[in-house]
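> Residue strings, one per chain:
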Amino acid sequence: MSTPTQPAPGKKVNRIGLEPVVYRGSKTTLCAGCGHNAITERIIDAFFEMGVDPTSVVKLSGIGCSSKSPAYFLSQSHGFNSVHGRMPSVATGAVVSNRKMIAIGISGDGDTGAIGIGQFVHLMRRNLPIIYIIEDNGCYGLTKGQFSPTADLGSTLKTGVINDLPPIDTCTLAIELGASFVARSFSGDPKQLKAILKAALSHRGTCMIDVLSPCVTFNDHDGSTKSYSYAKDHEEPLADMNFVPFFEDINIDYDPGTTTSVTLHNGSKILLNKLAEDYNPTDKHRALALLRETASRNEFATGLLYVEPDKQDFIDLLGLVDEPLASLDPSKVRPGKAALDEIMDSFR
Amino acid sequence: MSVTDVADQEAGQRTRTERIVNDFAIQVATVNGSGSQTANLVLLRSIFQMGVPVGGKNMFPSNIAGLPTWYTIRASHKGYIGRKKEVDFLVAMNAETAKEDVLSLAPGAVALYDEPLKLNELRKDVIFYPVPFDKLMQPITHDAKLRRLVRNMVYDGVLSKLLSIDMGQMEKALRKQLGKKQKAIDLNMSALKAGYDYAEANLPKQDPFVIEPMNKTQGMILIEGNAAAAIGCMMAGVTFVGWYPITPSSSLCESLIDYLKKYRKDPETGKNTYAVIQAEDELAALGMVLGAGWVGARSMTSSAGPGISLMSEFTGLGYYAEIPAVIFDVQRCGPSTGLPTRTGQQDILSTAILSHGDTKHPLLLPSSVTECYTMAMDAFDISEQMQTPVFVMSDLDLGMNTWMAQPFEYPTKPIKRGKMLDAETLKRVGEFARYRDVDGDGIPYRTVPGDGMPAYFTRGSGHNEKAQYSERAEDYSKNLDRLARKFETARTLVPKPDVELQAKGKVGIIAYGTTHWAIVESRDQLSHEAQLTTSYLRLKAYPFTPEVFEFIDKCDRVYVVEQNRDSQMLSLLRMECNPTQIAKLRSIPHYAGLPIDGRSVTTELLRQERA
Chain D
8 MSTPTQPAPG KKVNRIGLEP VVYRGSKTTL CAGCGHNAIT ERIIDAFFEM GVDPTSVVKL
68 SGIGCSSKSP AYFLSQSHGF NSVHGRMPSV ATGAVVSNRK MIAIGISGDG DTGAIGIGQF
128 VHLMRRNLPI IYIIEDNGCY GLTKGQFSPT ADLGSTLKTG VINDLPPIDT CTLAIELGAS
188 FVARSFSGDP KQLKAILKAA LSHRGTCMID VLSPCVTFND HDGSTKSYSY AKDHEEPLAD
248 MNFVPFFEDI NIDYDPGTTT SVTLHNGSKI LLNKLAEDYN PTDKHRALAL LRETASRNEF
308 ATGLLYVEPD KQDFIDLLGL VDEPLASLDP SKVRPGKAAL DEIMDSFR
Chain Y
129 MSVTDVADQE AGQRTRTERI VNDFAIQVAT VNGSGSQTAN LVLLRSIFQM GVPVGGKNMF
189 PSNIAGLPTW YTIRASHKGY IGRKKEVDFL VAMNAETAKE DVLSLAPGAV ALYDEPLKLN
249 ELRKDVIFYP VPFDKLMQPI THDAKLRRLV RNMVYDGVLS KLLSIDMGQM EKALRKQLGK
309 KQKAIDLNMS ALKAGYDYAE ANLPKQDPFV IEPMNKTQGM ILIEGNAAAA IGCMMAGVTF
369 VGWYPITPSS SLCESLIDYL KKYRKDPETG KNTYAVIQAE DELAALGMVL GAGWVGARSM
429 TSSAGPGISL MSEFTGLGYY AEIPAVIFDV QRCGPSTGLP TRTGQQDILS TAILSHGDTK
489 HPLLLPSSVT ECYTMAMDAF DISEQMQTPV FVMSDLDLGM NTWMAQPFEY PTKPIKRGKM
549 LDAETLKRVG EFARYRDVDG DGIPYRTVPG DGMPAYFTRG SGHNEKAQYS ERAEDYSKNL
609 DRLARKFETA RTLVPKPDVE LQAKGKVGII AYGTTHWAIV ESRDQLSHEA QLTTSYLRLK
669 AYPFTPEVFE FIDKCDRVYV VEQNRDSQML SLLRMECNPT QIAKLRSIPH YAGLPIDGRS
729 VTTELLRQER A
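Protein chains in written order, with my numbering: chain D, 8 to 355; chain Y, 129 to 739.
Honestly, the hints are just simulated from the structure, not real lab data. Only a predicted model underlies this, so the values are computations on that prediction, with no experimental measurement involved. Certain hints may be false.
The calculated DSSO-like cross-link candidates involving lysine-lysine, where the alpha carbons are at most 27 Å apart (straight line), are [unchecked claim]:
1. Y:K541 - D:K344
2. D:K344 - Y:K246
3. D:K276 - D:K291
4. D:K344 - Y:K344
5. Y:K544 - D:K344
6. D:K344 - Y:K390
7. D:K318 - Y:K399
8. Y:K594 - Y:K555
9. D:K339 - Y:K304
10. Y:K488 - Y:K555
Here are the simulated distance ranges between beta carbons [claimed, not checked]:
11. Y:E214 - D:E349: 36 to 42 Å
12. D:D240 - Y:R545: 55 to 61 Å
13. Y:N191 - D:R355: 49 to 55 Å
14. D:E183 - Y:F677: 57 to 63 Å
15. D:E183 - Y:N191: 42 to 48 Å
16. Y:S292 - D:K344: 53 to 59 Å
Beta carbons: idealized from backbone N, C-alpha and C, even for Gly.
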């Protein structure tokens, strides 16, 4: 447990007695106004408000602007900035070998959709317990603005180059492949993003969250479909989302006619107040259809798209002991002499 | 043509009084997928059970069924278990290759063949034994599929008679091979007896080859290197395995899975004290292994050339971010897809410096199944002590073929976890800096998530000793220098070579891995046939230890024998030798896809000596 300081009287602390500053990281080196920084802020808020012990968190990333951001939050957590597109495999080894850790992986649209698409789809298949965030700006920021595979057909680069290939919808892929918590949000919608992140912290399984996060330097112009103004105009929230954590012992009255409630693994609740239409995020077919329908209207639906609260996760599937594999006592991992003798006999 | 005709024809090729006991090679040529493996292993095991040293080598195609396969069994009273270049006794079951197989025999060799192939018409200087396999199988079973599978047992029966291999041992070996499948045992026994009876009635002994009981295999085991390595990994306390199937490495992880399932369940809960994940490719396999190693698991993967190439980027990350990992490379013939089912030592140079930038990695070089077992344990310890990926360079010959060995010894040394920071150490060093050389050996202290010790940020980008992002020239070169210093420390941790110095021998030989078995035989040949006494150093690891350079200093010239085209180990030696030492190095390369044999080494070494 982190017990860095005795909080000063009157200071804001969370349910495990930590101040918000404990959840911060080093100073960002991304461009001023970058959507990624807004996402970092929401991560800090969500982990603080949920009272997550930073020393029980591992944060991982691939390569790119997005992947720099784990340095900017949770400085007391072990972090791993790995190689381009291959964070899912590193995260898989880490989470499986220490099942007690809460894992958050930060990727980008190039890191996930291009070089990392292979590892991404297999991560989704396994339903590994991890919060996997794509900070999605439709371009390669760190190499100065080339298109990424989530760029929309017909959108343009600053230089005027037109994207002539259709985008990959990472949320559709994630739902199809078996992720048990799939959401889309917008870095400019702090309330919704924070609610999704807090819900993700209460879910056991792969939480794939695609967050539209405009690149102010290379992809915030008129021809872009990932700019702030375009996103604001075309975002279609599915519901007004509220999150009630298990530790807040309050009864909330809601009208079942206008609100859908989803109870998560640890007893926390997601309340979705109906907006445009009646949306049930536990219906996989509806979720996939909705993504196609909104895309055909050039809109992007945000909010919790799909959740399967009780799906078996990868750790359960592997039948692991409760204690982390990484810290098992040598007596538990080296069989005794009788075992070796028996094996040797089988070769005589 | 009758059997008697054949006997008359071949009489006089060799004096009948000559007997060659326990010193010859049998080669069985079949089609893959024909079930010959059972017959071949029964033959191998029978000879082994008679106390005669044996080695079995499978030369098989990269295919599931229908292509030629050769299995060679060598019996050697002297204990030579490397490949014998000459085939003494051919069993020609494959119509497609039979003609070429017979034509490549040395005069005086023997060919047992399927009668309709009429191979006896090909040569007059080879002893032929025709056997009507189909006819013999007819009364045994009507099931055509079974007939095809069991047919091969007939040649075991014939060989039992011709070579005096005890039928009782054949039956024992068959039971060992088939376990409790009584129906299969009965069927195979019928075929075995049919062959024996046929030989007894129709094939008078014309060849000199005989197996006689000895006592040189008592208490020993027969095992494949991949299984031996798997046992070693389990005993090393592996907790995480990430892998992707590839020939010839797959059976390592597959054996390991079987052993882990059996021996690594928590006795109280029945839950697994390990995780094995079949990854989507080799990149992911090593990525998972590094993720696991980073949190403190004893983690490993196993692959072969193409997979190792794919692991290149992650290996560099492991080196630079300093994460333990054990990687088995069961080498096969490259480049590219190459010959996936043929052996070689062709990944040495590329693996020693795998990945971009300045990288170098410890390599362990097992030459026996016993070392597959012990070096698996060494590799886990060294990788955690060094906090770096360690490669175990096996090969197809070692990994997939059957070798004799003394039963493996239970490890006596405790598991080594290397420099894990604890409260006491933290107090001593004052402040945690992940990449600070506190002890002067280049190896820093590490923490892992959840251990209650300070966290750090791991990255493949430039970093200072506190693991913070840095592009400062001083931070960068200081770190690279420390990594070089750490590699120097590796020299004190890796297994030392076996050295056999002959006082009068000015000629030295350096070899490693499975090449060793050819050297053992070649040195005897050089000594007996050419009166050339040689000194010998068998490498067990890279980086080289001081013994290697001392050895070169003591010799006038040193032949580096290895199974690749480009003298890869010699190149690594050159990088570290002084000019005088370099001038002494000569190369004997072997790259045919077949395991190297002693005779080829002898011939080439003498050619260079006399040149």
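> It remains to establish, for every hint, whether it holds in the given structure.
To see whether the hints hold, each was checked on the structure:
The hinted pair formed by K541 of chain Y and K344 of chain D meets the criterion: a straight-line CA distance of about 13 Å does not exceed 27 Å. Taking the CA atoms of K344 of chain D and K246 of chain Y, the gap is about 55 Å. The hint is violated against a cut of 27 Å. Proposed proximity of K276 of chain D and K291 of chain D is supported: the alpha carbons are some 19 Å apart, at most 27 Å. As the CA atoms of K344 of chain D and K344 of chain Y are separated by approximately 26 Å, the hinted pair is consistent with the 27 Å bound.
The hinted pair formed by K544 of chain Y and K344 of chain D meets the criterion: a straight-line CA distance of about 19 Å does not exceed 27 Å. A C-alpha spacing of about 14 Å is found between K344 of chain D and K390 of chain Y, which places the hinted pair at or below 27 Å, so the restraint holds. Among the hinted pairs, K318 of chain D with K399 of chain Y is consistent with the structure: their alpha-carbon atoms are about 20 Å apart, no more than 27 Å. Restraint check for K594 of chain Y and K555 of chain Y: the C-alpha separation of about 17 Å stays at or below 27 Å, so the hint holds.
Taken as a hint, the K339 of chain D and K304 of chain Y pair is broken in the structure, with Cα atoms around 32 Å apart against an allowance of 27 Å. Only pairs whose Cα atoms come within 27 Å are accepted, and K488 of chain Y paired with K555 of chain Y is rejected, the gap being roughly 33 Å. In this structure the hint that E214 of chain Y and E349 of chain D lie 36 to 42 Å apart at CB holds, the actual value being about 40 Å. The supplied range of 55 to 61 Å is met by D240 of chain D and R545 of chain Y, whose beta-carbon atoms lie about 57 Å from each other.
Here the CB-CB span from N191 of chain Y to R355 of chain D is close to 33 Å, at odds with the stated 49 to 55 Å. Take E183 of chain D and F677 of chain Y: their Cβ atoms lie about 60 Å apart, and the range 57 to 63 Å holds. The hint said 42 to 48 Å for the Cβ distance between E183 of chain D and N191 of chain Y, and at roughly 35 Å that hint is violated. For the pair S292 of chain Y and K344 of chain D, the supplied restraint of 53 to 59 Å is violated, since their beta-carbon distance comes to about 39 Å.
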